[in-house]
Each structure stands twice: as structure tokens, then as C-alpha cells.
Amino acid sequence: DARVTQTPRHKVTEMGQEVTMRCQPILGHNTVFWYRQTMMQGLELLAYFRNRAPLDDSGMPKDRFSAEMPDATLATLKIQPSEPRDSAVYFCASGDRAGNTIYFGEGSWLTVV
Amino acid sequence: QKEVEQNSGPLSVPEGAIASLNCTYSDRVSQSFFWYRQYSGKSPELIMSIYSNGDKEDGRFTAQLNKASQYVSLLIRDSQPSDSATYLCAVTRREGGGSYIPTFGRGTSLIVHP
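These protein sequence lines are chains X and B, in that order. Read in the numbering used here, the first sequence has 391 at position 24, and its numbers run on one by one without any break. Read in the numbering used here, the second sequence has 619 at position 35, and its numbers run on one by one without any break.
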């Protein structure tokens, strides 16, 4: 059963700490998306990659967020330093080469206190 | 202006009724349209996709698309309490590099009461 895998599932951290979230896309998918979901804003696109190349990260606060895809099986989203307003659910999603349908991981639930 | 608009609800319907969920979008070059279901505390799950004007049926679900009016809807027939969830509308545009980029509405909360 192919699925997108995210770690950690839950994270509570103190303000100022570094947070790294990891995503393993579905094997063979070449497009990877990072979304953030909050009650106020809904699902917001933070960044996406195609064939491991970052194509758009305009939705991401550049001063503290960074996204990378070191290989085809791993995408990372890093927050440094974290702030309470970063508390949200972070979803990774991947799409196949046709690219038109994306599948979500189970999300990383982040709380910054 | 939000690119994809949905009524946040909640929409409350009795069990067995038809639930009608609506979505409008602003980008005329949008190419593909999707409905995702999200249970509380879970990730979005794809339930329907539609690409051309008209209706598309899958079991109890029917998606309707009207590109001229920039409107897409989801009908759920014979609603069940297990259908209670938030329904997200997603609209996809194709970027110059060939990637399809989905934009999501904020979702409509559906409550089906026995």
C-alpha cells in the first residue's frame, strides 16, 4: 500500500528551538509539496519540488523556514528558530509524473510553546 | 481575494438526505478540480476528481463542474453519519515547467445527524 510517510507525527518544542520534519514520498512520484494547515488559514502551500529541484517556496517565511530534497526518497522542512505562531499541522504530499493528483501524508502536528 | 472559496459551514443534514457542497474559483485557466475529505485529526483524502464540464458520478458522490461560471460542487446522496467531515475543494493549474499546483479552499464542515 503506497503512501507518503511523515515524521515526526507529533512534536512539542520550546520557542527558539530547531524543528526538522521529514517526508518520504510515494516511490516513483516526482513532485513533492509541503503544506501548512491552521484553523485560520486552511491549507497553505509552503514549497514544492519537481524532480528534487525546488520550484517555488514563495509561501514560506524565508528567514526561518527552509525546505530541501537531498534525494528522491527524502524531503525535509526545517524551522529555525521556531516560534509559537508556527504551531500547525504540516502536511507533505506527493504527485506522480502525470502530476495532476496528489496524495497526502498523515501530517506532522507541531506545537511551539 | 482567495482563489478558491467555500462556505465554511457547518452544513447540517439529516441521515439519508442529499448534502450539497459548493466551491467557486477565480483562476479561469484552472484545469483540474478535486474534492478531498478530511476527518478531524486526519489528513485529506481524495474522493473525487473532475476535469470537464458536466457531472461525474462515483457511488453516492457526484461532482459537477461549470467552467463558465467557475463553479464546482459535490453532491452526496443518502448521507450517512460517517460522511461527517470537512470537505476541501482543490483547483489545479499547470505551471510553465509542467507541474500541476493545487490550491485548496478552506473547506466546508458537514455534519450528518441520525
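Calculated from the structure, these hints are not laboratory results. Mixed in with the good hints there might be a few duds.
The following label-pair restraints were derived from C-beta to C-beta distances [what the hints assert, rightly or not]: (1) B:Asp639 - X:Gln408: 25 to 33 Å; (2) B:Lys640 - X:Leu441: 47 to 55 Å; (3) X:Glu435 - B:Ala652: 48 to 56 Å; (4) X:Leu422 - B:Tyr635: 19 to 27 Å; (5) B:Ser636 - X:Val480: 43 to 51 Å.
Okay, derived cross-link-like pairs now, DSSO-like style, lysine-lysine, Cα gap no bigger than 27 Å in a straight line [unchecked claim]: (6) B:Lys640 - B:Lys626; (7) B:Lys651 - B:Lys640; (8) X:Lys445 - B:Lys626; (9) B:Lys626 - X:Lys378; (10) X:Lys378 - X:Lys445; (11) X:Lys429 - X:Lys378.
Computed from a prediction, not measured in an experiment: that's the story for all the values here. All residues carry an ideal CB built from backbone N, CA and C; glycine is no exception.
Provide an ascending list of the numbers of those earlier hints which the structure does not satisfy.
2 and 3
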